[in-house]
Amino acid sequence: MTLASYIFGIATALLGLIVVIEMLRRHRLRERHAVWWLIAGTFALLVGVFPNTLRWAAGLFGIEVPINLVFFVSIATLFLVCLQHSAELTKLESKARVLAEQNALQELRMRAVEERLAELIEERKAG
Amino acid sequence: MQHALDRTLIVMPALNEAGSVGEVVREVFSSLPGATVLVVDDGSTDATTAVARAAGAIVATLPFNLGVGGAMRLGFRYAIDRGFDNVVQLDSDGQHDPASIRRLVEALDGADLVIGARFAGEGDYRVRGPRQWAMKVLAAVLSRSAGTPLTDTTSGYRASGPRAVRLFATQYPAEYLGDTIEALVIAARAGCVITQVPVAMRPRQAGVPSHHPFRAAAFLARACLALVFALARPASSIQAGSK
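So the protein sequences, as listed, match chains A and B. Under numbering that gives the first Met the number 0, think of the first position of the first sequence as 0, with each following residue one higher. Under numbering that gives the first Met the number 0, think of the first position of the second sequence as 0, with each following residue one higher.
Treat the hints as calculated values from the structure; they're not laboratory data. Where is the CB? At the ideal position from N, CA and C, for every residue including glycine. Do not take every clue at face value.
Straight line, CA to CA, 20 Å or less: simulated EDC-like cross-link-like pairs of lysine to aspartate or glutamate [what the hints assert, rightly or not]:
id	chain 1	residue 1	chain 2	residue 2
1	A	124	A	113
2	A	94	A	106
3	A	90	B	174
4	A	90	A	30
5	A	94	B	174
6	A	124	A	114
Listed below are several chain B residues computed to face chain A (Cβ distance under 8 Å; list not exhaustive) [claimed, not checked]:
id	residue
7	57
8	59
9	60
10	61
11	62
12	63
13	65
14	69
15	72
16	73
17	76
18	77
19	173
Chain B on its own, in the form it takes in the complex (with noise of 0.2 Å):
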């Protein structure tokens, strides 16, 4: 187990997050001592590259915003680039335990692409309104698609295995919400093995939540489109790897 982790990049992108970012990295070093953490600064104003720098994470900065698919992809870039078999996406505002990182890289062990699941029994993570219908929704046309009942299509913290890292590297989607639903169909058309584990959702550190109604019923229109395009566009292939 110990060995797999070693072989685990870390990756948290970042915007305007040095209110937490030192944080969680410190947290990850605690619970994972030796792990490698890539914090992707997506062109944030105010310290968070030093902060996490301090911290003793790896921090690539990018010049202007890509969005988190664009950060990720960049991680992803990177994992291929120094040899890492799996990936873990990791909020940098300290909602996702890194402590759960443990159980996400143990389930690559029989799937592709893991996600920790906010709903799925533990915590108490609640949403309410449009947001909730429209994750309901996700959650049974994803689903279906990935042949695997998923409860939480829209979680970002989920962890990449070596098939999934290689397709990810050229094929992620860099739009808003492409990141997670999008990213969810890329890989069940490319015939990775999708699975959900469960796992404990905290409040912020830092930042402010985004639950304005007006926001949730945008979020609800996004997120269909984002879904009925992601289904509509052709299906790609993961590249063999040149190791």
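Same shape as in the complex, but just chain A (with noise of 0.2 Å):
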């Protein structure tokens, strides 16, 4: 491994953690949402400082090429969070669904306690 190489791993999980932290700051991340991509910019950055440990980690599965765990686990995490998101849009639809609903009787009520009103002002104005 180069020089070069080694530090435009760690530059890019930095970036990648950076951007999240970033993100997270300014509440365009809810902290529930961020916390899979903290931990995966946490750990490629770990990798990044530390070639050996992915080496270690490798060698404690039994994987030959260590750059195959590094690619098993960011296709698992990714796998995991769109799984999430997909769960979270289900979620997201039904309350809206809800509220769609809600949104329809609510609009109903006011349509009748508005025609009785204008019931009670003609009667009013004729009486």
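Reassemble the complex: the two chains are provided individually, in unrelated frames, and hints are given to aid placement.
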């Protein structure tokens, strides 16, 4: 590994972490959604600074080419985050549905109230 | 009998049915004078709301399209809020003959959910090909689940009694085909008595029917998927009435 690639790895991991933290700071991201990205960024930084930890971990699982461990963990993380997003989407959709239903019901009540009010005003004018 | 009809809310989900909804509403009023009709405009882009309101129906307008399931759940919630015992679901494209409502509501005396079945002898509504196979398979499985022979499980013409209305107000599924297939499974599992009454179907007054072979095959696949998931979900129970 050359010095250039060593620095490149660390810089990329740092950049990722900084983006996530900055988004958190500006409330563009909620903690519960950011936690996976923070963990992934921290791991990337760890492996970038100490490449030997990757070799050690790969050996632990019997993976011959250490980079495969990186790919495996990355894909697994992306898959789980995607799944979480689908679940969140489902939840949001059902919330939106309930709101739409309630909105329509409120509109009906409002219309009834307005009609009754108009009637009362007419009655008062007449009487 | 008139008493039961007074406590019955007729719910008509409508999506871009301005061409037929007015006529259907007037037909309901002429065959059942004094009936309460709630048209749920499911995010239409045409004049459905105005036409239905002009015909004398109560109209609830959804801000965006929720599908028949969402529209019906709104109907069930409205029924509970306003103290209606029964809910009859009626298509607003004119395929369902409002004259059969009376028989559907009569059948609620001995059942919680009555399905207006299109192939049970009356009328000449026919389907062929994959759609027919799908309907046969669905009928066989759902008949077992409901413990009573059902021939037309995807019919949207149905009447729900007080127990079913309470169940559906919270549990009505909003997914595609959930409103027919899964609703039956939910009702059967919650211990509702399900029965069917033969009804005649009429051709649509307006709009386009979906009889593409490709669409039919997609229907088969989605129906089977809906059925499998409906059976795999945990059973729900009817909440005690809060009246």
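If you test the structure against every hint from before, which numbers come out violated? none
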